[in-house]
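Novice: Make one complex out of these two single chains by using the hints.
From first to last, the protein sequence lines are chains A and B. Note that numbering that gives the first Met the number 0 numbers the first sequence so that position 465 is 464, with each residue one more than the last. Note that numbering that gives the first Met the number 0 numbers the second sequence so that position 105 is 104, with each residue one more than the last.
Careful, some of the hints might be misleading.
With beta-carbon atoms standing in for the labels, derived distance ranges [to be verified]:
1. A/K103 to B/S77: 56 to 62 Å
2. B/S77 to A/F385: 47 to 53 Å
3. B/P80 to A/Q233: 39 to 45 Å
4. A/M9 to B/D130: 53 to 59 Å
5. B/T84 to A/V249: 25 to 31 Å
6. A/I473 to B/E39: 48 to 54 Å
7. A/D204 to B/P80: 53 to 59 Å
8. A/G556 to B/P121: 47 to 53 Å
9. B/L142 to A/Q233: 55 to 61 Å
10. A/Q200 to B/D54: 55 to 61 Å
11. B/V79 to A/A115: 58 to 64 Å
12. B/E39 to A/K110: 32 to 38 Å
13. B/T129 to A/G108: 18 to 24 Å
Treat the hints as calculated values from the structure; they're not laboratory data. Glycine included, every Cβ here is placed at the ideal spot set by N, Cα and C.
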Amino acid sequence: MSQLFDNSEMQQLVTTFLTEADEFIEDMEAGLLALEENSADKGLIDQVFRAAHSLKGSSMAVGLTQVGSFTHQLEALLLEVKDGRLAISPAVIGTLLKCNDHVKTMIEGLKKDLSATFDSSVLIQDINTFRSSKTKVETPVTTGFGFFDEEPAAAPSMSAHNGENEEDGAESTHQPNTPESNGAKPASSSVRSGEQIKVSQEKIDKLVNNIGEMAILLTVLEEQLMQVAGSKLQGTVKQLYKISKDVQDVSISLRMLPVKPVFQKLKRIVRDVSAKLNKKVDLHLIGEDFEIDKSILDMVSDPLVHIVRNAADHGIETPSDRRKAGKDPVGQISLEACHENGRLVFYVIDDGQGIDAERVRAKAAKLGLIDGKKELSHDELVNLIFHPGFSTKDQVTDISGRGVGMDVVRNNIQKMSGEIEIKTEKGRGSMFKITVPQTFSIIDGTVVQAANQRYVIPLADILESVRVSEGSLIQSSAIGQVFTLRGEKLPAFRLDELFEETRNQGAQEQIAMIAKTRDDTFAIIVDEIIGRQPIVIKNLGTEMQDYKEFSGSTILGDGKPALIIELSTLIRRSGQKKKLPGLGKERMSA
Amino acid sequence: MSFLRNSDEKVVKKVSDVNRYLEFNLGDERFAIPLLTVKEVIAVPETTKVPFTPDYYLGVMNLRGQVLSVIDLRRRMSIVPKGVTTETAVIITDLGFTHLGVVVDSINRVLAVEGTDFAPPPEIEKNYKTDFVTGCYKSDKHLVLFLDVNKILDCEDKELLKKTQETAAAS
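Next up, chain B with everything else stripped away, as it sits in the complex (with noise of 0.2 Å):
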């Protein structure tokens, strides 16, 4: 019983939620991500720098009162930025563990997307991993990439796992 009920609840999100994205670009790749796991968009704020961290990572702000965590997406996909304008702005993404802002050149639209819209992501041979990238949309005449910031973060967090084991064993 409790299993139908489950399922029935899944299919009920699907068709209401799941499918809405928030598409934005950075440079002039356009790029989207799950409204639902978008809290607010806001200005730029002023951030303050966290020493030892890479590049991409902007620093902490201040949130009404919280402190987040803001990283340039940009860097992270060694997109060439636009320099900040009127259009840039930090999305505040809600990864359910942490809160975590995301700066990009623009925000676009929100995209409804079909499930026959959405196609995997085109397989490149690539030195690097991407699979933070889930999928690309169909319906468009430019390419928009799917993206899971929970896996940008995975990347950052294994690299930071590298280098603490790295100075764990220099010592």
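So that you can see chain A by itself, here it is in the shape it has in the complex (with noise of 0.2 Å):
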């Protein structure tokens, strides 16, 4: 296999290959799972069969064989069931489905490593032991398909186009002809409907970072023609600023993904979950066309297949417990992306068992997370599932969790400035949502003055803003800067302070921006409040990445750069430094 590697050509190839073999392994599963939903479904099979064609045509192509000669087999199996001489079974879908997990494995370990070698014996077994069984469900084909009670119109539909379809596998296995075997690019796009280019990310963003000059500088040219009165120019520019605004919403909307392919993993978590553990499971799958910047994406993914695989282990009952409540013994679980005030929101919600707020209540006293005699009320004990090292499942399974629960999937959630919440019912059910933004390039925020120089607040942080008034902001020199708000004493920091700058005398009136982070609500004192506006987010360069009190910058409408304040850090690192004199640091070290 090395002697491959020696042109870099051929390396490209490879490398082409391995990238493109995702979209077939995603192809596959999804069609699988429909497959086993709609068995009559010809197209779903006609799907199947063309992803794993082309893996194997273009692996072989590529010199990868290990690749090459187990989607043969995976082929060969899926070439029965494609004509009709081995029925679909749950059996034969979950040994596909486990056949394309384990191209999935190869795959992904080649990228790491091109010389890696795997053992698909047990799985070319398998195929071999359905393979040679086939004789056995063969016979007429009805009868293979009277199998599913359900689908009784599927047999003569499948029968009637047999014929054709026999032809068409014989062609595709005894001579794989098309440009894949003279060691061409992976033919493809030639296959796959709905054309599409794949682009780097990397290109996008200069492109998205681009186009948001151009809208500040073409803002920078309206207010210089306010000068030039009466000038034929600006109605230009004005068209000009229109269509550079829809631009630049389409080179935004290219970072966006539809949800889809996480759905579609999703789908199979709670197939393999419910199968596993013999329970009976719908999943409800809407919204999936929504679209999510592509690293957000990104990160709600495992949050989301969390809450979906506790839900699926956790929340649904077995079908006897579910017949004994008086439930139907099929779970429902539903899973439902929409918009909600201009963010994204998943909602996963489940008609299992619910959370016992009771239990709930005895675990937490016994970690020593809550003090058991305290009052606390219904939703106050639910959300202590989302404490640290709390996980309500004595028996650790292999399905979900191990300690590390709900407490990650919150703080990853809040790491991109979203929610989590539950709402739930012992015996009724459990309902999650997840509110995430729509994408990272641009936030709302709030742009503000202290110091004499401009910062960026995301709005998302800030809860109210009210102008600082006579005697509402004390001094205290025990404990800091207090603030009260409606009878409500808040710790209140100044902003210039924070940032260890000297407070600009000049300012007038201040105005006092409560906002709220993980833990505190407290009051940022600024000089002046400038204006909210949408802000194009430009990152920091990695000189920077050590100073987490930015999560990044803007440019404002003047061209000058601004820095987006993290105020979870930055109160924080005020509180460090408050800590520091003496004593602390002593008995530490003693």
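Specialist: In structure tokens form, the structure reads like this:
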């Protein structure tokens, strides 16, 4: 195999194949899952078969013989199914899915190390078992499909197309004549519907940057034109401005991807979990076409997997338990994506056993997280599941959690300035609501002025802004500054002091912005609020990555950069400093 | 085979590019950095101050929509700056992982340095790190020091690291 990689052209082909393979694997998985539900759909079998065939052809062509010979076996089994010689059963689908997983493992392994080897013997054995047993199922085609009571109409339509198919199948297995065999670029595009172009994220980011800059320049231009009254130029610039807005929107949408692949992954997980635990679960997917920034999609995927897996594992009861409780033995989980207030929301709803608040209380008390006797509301108790180190299932399963559970989920969601809420009723089920921003590249922000400089505070951090009136801001020598809001005393921080800058004496009045981070509510005092506006986020260079007080920067209307403040880190920094003097340090070393 | 080809490429590169340097002044002293790391030279831009940074860190600037850090090499080297004149410029350097603006007092010329003109830096006992000076230019009556901007940042990183460690120890 190694002789292949002497020339870089071949290496290029291999790399291309490895990235493209993901798509085929995804296609195949989606097809197989759909096929399980709707075994009569010939289009689905074709889809799966095509994916397997492309995988085989391309992997052979680039010299990845391990993948090639395994997918060849896989394809052979698929051909039996396609030609109706082997009936579709959960067992067959299960094996096919496992095979697909194996291909995925191989591809991932090869991405890291091209000389990796894999053991496919067990799966090949499984495949062969099915292939040799097929004769029993084969008999008249109709009985093969009669197996599925729900789909009695399937058989005739199957057999009607049968002849035609057999020809196709035979041709594709025996003479892979497509360009693959010539060692050329895998011929994927010709098979796929809806032509697409792959573009590197870097290029898109650059485009978004440049367009953002263009928009800023246009704003400047518009301002300058005000001085040249009556000029025809004004109209032209206005039009240009409008178009540039459109272009900006399009450029941002380039980073947006549908949530569908993640949903597909969840479908698979629910299938596997319920099969393993002998549960019956219907998963309803709603809104899989909603689009979301790629980086957010990557980040929200793990939390969703965790919650959905939990719902199938812990939430939904076994069929017999459900019957006892007077419920339909088939559990329902629904996963919905939708828009709310400009943010993307995921609902995960199950009709399982819900969370038992009293069990949560007992567990939390045992772990010493709460005082067992303390009065806590139902919601407070339920929210304890987000406490680090909390996991109610005493038995650790290989399906969900090992104590790293919901707290990690919540942290991950909060990291992207999202939120998670839970509603649950014992015996009736649970609902998780996850709210995330749709894009990172633009946020709503408040531009503020402090110490003669402008900063951006994300609007999501701010509850409200109020003018500092006489006497509402008090300096206490003991605990620092205190701001009184409607009788409530909040810790207050002057932004210029936090930045160790001298205070701008000229500022007449001050604004208190009430901010809420994960643990605290506090007031940030600024000299002036300049405005609220959409903020195009620009990343700071790697040399700035240690300054966690700033999550990024932006370019304001006048072309000057401004820093975006990460309030929670900034406040923590000031807290650390206050602890600094003397005592604590000495005690630590003693 | 491939090994041979690679080394050939290196030879070619050396002749054409690697030995060209951009010479500039910091105060009255002369320095030079590899021309290949220079993206462009611009007039001193408006910068936005970044709190908590060391004094030689001028702030961030807007370079056609990209936000870049700008450092003042003169303060970094404890050289008395001449003040902003028409000569003062910012060199945008490409460090591979990031772009960085570097303020200098004036841009002088491009040096084509032959291998034999290149001498290691004179060894002087110092109580601070000077390893960002990679060498000096012999064939000139002036002293021209070759700099590695990456190394200058390294020192900055180390300072930062120290600072964060101190903070961590204090908490």
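Novice: Run every hint past the structure and note whether it holds.
Specialist: Going down the list of hints, with the structure as the test:
{"no.": "1", "hint": "A/K103 to B/S77: 56 to 62 Å", "verdict": "holds, 57 Å"}
{"no.": "2", "hint": "B/S77 to A/F385: 47 to 53 Å", "verdict": "holds, 52 Å"}
{"no.": "3", "hint": "B/P80 to A/Q233: 39 to 45 Å", "verdict": "holds, 44 Å"}
{"no.": "4", "hint": "A/M9 to B/D130: 53 to 59 Å", "verdict": "violated, 42 Å"}
{"no.": "5", "hint": "B/T84 to A/V249: 25 to 31 Å", "verdict": "violated, 45 Å"}
{"no.": "6", "hint": "A/I473 to B/E39: 48 to 54 Å", "verdict": "holds, 52 Å"}
{"no.": "7", "hint": "A/D204 to B/P80: 53 to 59 Å", "verdict": "violated, 35 Å"}
{"no.": "8", "hint": "A/G556 to B/P121: 47 to 53 Å", "verdict": "holds, 51 Å"}
{"no.": "9", "hint": "B/L142 to A/Q233: 55 to 61 Å", "verdict": "holds, 57 Å"}
{"no.": "10", "hint": "A/Q200 to B/D54: 55 to 61 Å", "verdict": "violated, 36 Å"}
{"no.": "11", "hint": "B/V79 to A/A115: 58 to 64 Å", "verdict": "holds, 59 Å"}
{"no.": "12", "hint": "B/E39 to A/K110: 32 to 38 Å", "verdict": "holds, 37 Å"}
{"no.": "13", "hint": "B/T129 to A/G108: 18 to 24 Å", "verdict": "violated, 47 Å"}
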